[in-house]
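> What follows is the residue order along each chain.
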Amino acid sequence: MSDAITLTDTAAALRDGSTTSVALTQRALAKADALDDQLGVYLARFDEYALERAAVADEELAAGVDRGPMQGIPIGVKDTLAMAEGPTTAQSLVLDPAWGEGRDAIVVERLKAAGAVITGKLTTMEFACGIPDRDKPFPIPRNPWNLERYAGGSSSGSGSGVASGLMLGAVGTDTAGSIRLPAMFCGVSGLKPTFGRVPNAGCTPMGYSMDHIGPLARSARDCGAFLQVIAGGDNRDPYAVDLPVPDFLASAHGSLAGVRVGVVRSLFSPGDDPVVRPAFEAAVEVLKTFGATVVDVVLPLYEEMSGAAFLIQACEGMAYHLPDLRSRWADFFAGSRQILGTGALFSGADYVQAQRVRRVAQRKLAALFAGVDLIVTPGASQGATSLARMEEEGAASLIGVLHTAYWNAVGNPALVVPMGFNADGLPLSLQLGARPFEEALLVQAGDAYQQATDWHLRVPPLATSSLTL
Amino acid sequence: LRAPLYARSAGSERRPEPDQSAVVDAMLAAAGLSPEATEREDLIATYAMFKPVVEALYAVPEARYEAPALVFQAAPKLTPWGA
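Line by line, the protein sequences are chains A and B. Under my numbering, the first residue of the first sequence is numbered 1120, with each subsequent residue one higher. Under my numbering, the first residue of the second sequence is numbered 155, with each subsequent residue one higher.
One chain only, chain A, in its complex shape:
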């Protein structure tokens, strides 16, 4: 029996009077008191501020002031985004404490204006890069389904916090999979929007041309409601696209009639967890029951884009960090040093060539999308990696495991939703990709899938205490 409740269901409960934002926030904070020493979700908490904002939300709702579904909802923000209530560290010893001091990232501004209750700043991999490092004075984010497993990164606290009920949604960032990986490993939903759909200004960069800010929450519908608030252009961000923001929930009506789904089966390999393929095939069958038609497809230039994604983020990240890498090498996490240092190994021409091939891949993918409306792949070929293995092998423990970076390189939106568990009780996920700026179709398909399944409502045993949110 699940004790999970979704963000959108909670928004309805706030409006029918069956709960209050103050009560929700108090329970969320109490749950964090009980669990966060084990999980490593928070880098900073703003309890007093959150309770104040919750009280305001309750007062406004009682007075008929409705700011939409994020109003009164306890959420967290990855600590790569600036927020005036506290310092931004990017989970690093290196970031200048003056960076972003007293200011809000554009996304944080929008969430505050929508009445969301931000309870604190969440753990990440250093600068949204690398892997956990026990030698640095920051929490090790752990997976709520098994504390010896990795929560996924880099939006680690966002994934484990939502999965454990410490919050109903969280802001993540995604340069090669950093929203989707923790969502997948922790068993919640995660939406990487189209590049430019959400302004990045006020967030520390990792790869300028591949960084995306987006939501993690229990359901695809939740992600749509969350994205509704943070999407839209802003002239303070050079990459933000000033397009109309549609109603992301308008088409989530439980039908996929007429939707053509391209199914990618070429990513399976003999080393995959044997449960992944049958879980994926079962998920495809569910989409068909809602009226979708399916056809096999192959993602064009998949290997090239996976390589280009790494090259581009290494070069762009190194450009940002080079002065600090020169003067404060040892202050960076070991995993960050290795990834960022790789940026020195590529030439300027290599970087430009990667950007040229990226354009080719965009064109080829657009041609593929002329024949299908959605593309589905497994999100990863296994469940969460063990922390011990990650410490032993570094990021090599995830080689060939993740199928996320392609969508950063091409810029299209991608959603992950839970699709089952493996024999170790670890979550597995389905990934759906769409044409640029067609996030609404992702929400529609994810919502339909989640009407027929309850994987997204499963709660880790560790979190199924009386302190339910």
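No lab work stands behind these hints, which were simulated from the structure alone. Keep in mind it's a predicted model, so treat the numbers as computed, not measured. A couple of the hints might just be wrong.
When the alpha-carbon atoms are kept at most 25 Å apart in a straight line, the in silico SDA-like pairs for lysine to any residue are as follows [stated by the list, open to error]:
#	chain 1	residue 1	chain 2	residue 2
1	A	K1483	B	V225
2	A	K1483	B	A210
3	A	K1231	B	A210
4	A	K1231	B	V225
With chain A held as given, fit chain B onto it using these hints.
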């Protein structure tokens, strides 16, 4: 996590050509970076692993006359964040 392709163990199974070590040393020196010895070895292994990946990008025929996926705006309508 940003770098599923980075491989310490997988890279260490490769035996880079001696000239690759020299290339990596020169690139690191040019960038002004001073990794520890084990980190240097890892970066050499990474370079060996990525060399064919980079060459594969130059081998995509459709890219021959393609423009990069970056757009420079001569007249950006931008107010810096925090200004």
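> Determine for every hint whether it applies to the structure shown.
Here's how the hints hold up against the structure:
1. With a C-alpha separation of about 19 Å, the suggested pair A/K1483 and B/V225 falls inside the 25 Å cut-off, and the hint holds.
2. Annotation: proposed proximity of A/K1483 to B/A210 holds, straight-line Cα distance about 17 Å (limit 25 Å).
3. Under the criterion of a C-alpha separation no larger than 25 Å, the hint pairing A/K1231 with B/A210 is inconsistent with the structure, at around 46 Å.
4. Pair hint A/K1231 plus B/V225 does not hold up; C-alpha atoms about 32 Å apart against a cutoff of 25 Å.
In terms of the numbered hints stated before, the structure departs from hints 3, 4, listed from lowest to highest.
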